[in-house]
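Colleague: Given the coordinates of chain U, work out where chain F should sit on it, guided by the hints.
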Amino acid sequence: MSAFLQAVVSGLVTGSIYAVMTVGMTLIYGTLRTLNMTQGSMVMIGGYVAWMVFDGLGWGPILGGVAAAVVGFAFGVAIQQAAIRPLIGRRGVDFEMTAFISTFAVAIVLSNVALRIYGARSKAVPPVIHGRLHLLEGISVSWHSLVMAGIAVGTLLALGGFLSKTRYGLAISAVAQQLDAARLMGIPAQRVYNLTMGVSSALAAIAGVLLASVFFVSPNAGDLPLLKALIVAIFGGLGSVRGTILAAYIIGLAEALVSLYFGVKWSLPLLFLSIMIVMLVRPTGLLGKPEEARL
Amino acid sequence: MKGVAARGNLVDDLGWRRPNPVGVAAVITLAAVLPIMWPNDYVIDVGLTALIWMILNQSWNLQLGIGGIWNFGQLAIFAIGAYSSALVSIHWGVPGWLAMLIGGLGAALASLIIAIPVLRLRGIYASLLTFSFAEVVRLLVISDQSGVTGGTFGLSGVPDLAFGGLTPDARQRAYYWLALALVVATAVVIYVFIHSPLGASLKALRDSPGYAAARGVSPMRMQVITFSTAAFIAGIAGGFYAHYFGVVSPSVMGLAPMALFVTMLVIGGLGTFAGPMVGTALIMVVSEYLRDYQEARLIILGLILLVTVVVAPRGLVPALQDARARVQRWMSEDESPIDAETSTGSETGETSESPVSSSKGER
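Line by line, the protein sequences are chains U and F. Each position in the first sequence, counted from 1, maps to that position plus 754 in the working numbering. Each position in the second sequence, counted from 1, maps to that position plus 751 in the working numbering.
Bound-form chain U, shown alone:
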């Protein structure tokens, strides 16, 4: 029983991080209709920024997170300008397919540039806080993962406030709901695209900082998070923020339980298999709307 509860606790922690990393992906799909493959690269870049700040400059973890968010934002805007913007409105081109491929190309370039700069050896980032919190008998959680989960949930709440309360957040929601109507109301779609890419990439970079101390930072540190984020995003329904957060926790829990009962080796194949089955039952994910309804 205590092993089960332990798995639930760790599943909730990973679920929170998945949520931070994937919400950006779903926001981008909602506004830009692009499945952003650079989301994993942002996790990797966030990790490297954290490593440089901790290791090189000796600054505190909070500054590391802020620096990663700023760098992520800048990268996101740059990628939007270079790889997505030129494709918008091209005639005779399937936008979703080409934008997917162009962000994929950026992801290949970024991870290989990181390989050139930092080398293939992975870098260790020390955890922020040491020690464990004992919740019940036999169930404990390290303070570090608790802080991680706290930061993740805080980021998600801030994002929710940003999207529903502020001027720019509302602009993002408006463009996601109805592009033409949003434009008619005078919302500058291009600026919203930049903002969305920036915010989403910053979120992924923050997730990268959080993950950096659990896993090591390496040039392909973004591959597995990208795969997980894809699964979570599509499971939750692309474009639905609530569905994504729900899906992140479900998948975090499922993963923890599968590793507990079947072993870590089986967690990914079983995850894929169950996603295949889920998609056959609900072809647009948990809370995703059918394509026709969104057009």
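No lab work stands behind these hints, which were simulated from the structure alone. The beta-carbon is built from N, C-alpha and C at its ideal position, and this holds for glycine as well. Take the hints with a grain of salt, since some may be wrong.
Non-contacting residues of chain U with respect to chain F, defined by C-beta distances greater than 12 Å in every case (computed) [to be verified]:
hint	residue
1	Ala828
2	Arg839
3	Phe854
4	Phe858
5	Gly908
6	Leu1011
Below, a list of computed lysine to any residue pairs in the SDA-like style, where the Cα atoms sit at most 20 Å apart [as the list claims (entries may be wrong)]:
hint	chain 1	residue 1	chain 2	residue 2
7	U	Lys1019	F	Gly902
8	U	Lys1019	F	Ser897
9	U	Lys1019	F	Gln896
10	U	Lys1019	F	Ala1070
11	U	Lys1019	F	Thr980
Modeller: Then chain F, alone, in the frame of chain U:
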């Protein structure tokens, strides 16, 4: 288009370009004499690999480009073909030719597992389902400890095709010409497929699924036909790969090789007939030139992909065709301004063999 178009124009409007027989013959001859003109083991080996990838990419293009079905599981299908072909020839001593055929059939059967479910999904969702399928196959092979597939290290000792009595050099050339023959055969099959009513219905389903279905094109039937045809071709390519290299390992699947093949397809031109072959040849040449700069290789390939997608999203082949059409129009304008006026209608960009995007893709 202004009112009535002559039948010849109509054929052009549908993008049914007639291949230039002289050009095709020249390219095939050039490819065929390469091992004689340049008798270097390494060059022939690279050429052979390129030919195998050409077969695979053509089959993938049938789904991804012409069918507009986001299938990212084709590498698993290729691997299934390779493994089944290798297994029957290792364990049952089936002759190589028959084993390749069995590989193709095995791949076609496996593809039916994903063909039907994918029908329910659209665009990106389909890509994840197919990619998940590929990952499940890859991870199952990697974690296989029963010794059937050889796990991570792969399956080695796949017997040769029936080239036993030949010297190593002659054997390699025989393989090369066989691969070339397979590429040509695949091209003919794909060409006939695209230009048959089947191909027209496939494109119709891509461009407007609802309308095509309303006009009597069965999505289910087309899906099964497209998937099994593409998988059969990929399976044959897989069988050939297994028999030539003598090894199959799970490293033929996964994100890294997929990135390479997607680059080849996109640079050549998704959804065009010649695109996959041109793209494969180009990328093979470029990556051979970059062999000495191993670290920069993927950066440069990624940049090439990015620039191509941004500058010519439909690929090089349609871009060059457009450019040629523009030059011809410009030249005919010089000769007779009135004729040029009428001919522009049938030759502008939108008539070329491009994946005319469905409305959902346009922003």
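Colleague: Each of the hints needs a verdict: does it hold here or not?
Modeller: Hint check results:
Look at Ala828(U): its CB is around 18 Å from the nearest CB on chain F, clear of 12 Å, so calling it non-interface holds up. Residue-level check failed: Arg839(U) sits 9 Å from the nearest beta carbon of chain F, not beyond 12 Å. Non-interface status of Phe854(U) relative to chain F is broken: a Cβ of that chain comes within 12 Å, the nearest being about 7 Å off. Not every Cβ of chain F is farther than 12 Å from the Cβ of Phe858(U); the closest lies at roughly 7 Å, contradicting the non-interface assignment.
Even its closest Cβ contact with chain F, about 30 Å, leaves Gly908(U) beyond 12 Å, as expected for a residue assigned away from the interface. Distance to chain F confirms Leu1011(U) as a non-interface residue, since its nearest Cβ pair spans about 18 Å, more than 12 Å. Taking the CA atoms of Lys1019(U) and Gly902(F), the gap is about 14 Å. The hint holds against a cut of 20 Å. Distance restraint check for Lys1019(U) and Ser897(F): the Cα-Cα separation of roughly 16 Å lies within the 20 Å cut-off, and the hinted pair is therefore satisfied.
At roughly 13 Å between alpha-carbon atoms, Lys1019(U) and Gln896(F) fall within 20 Å of each other, so this suggested pair holds. Distance restraint check for Lys1019(U) and Ala1070(F): the Cα-Cα separation of roughly 46 Å exceeds the 20 Å cut-off, and the hinted pair is therefore not satisfied. Distance check on the hinted pair: Lys1019(U) and Thr980(F) sit about 34 Å apart at the alpha-carbon level, beyond 20 Å; violated.
In terms of the numbered hints stated before, the structure departs from hints 2, 3, 4, 10 and 11, listed from lowest to highest.
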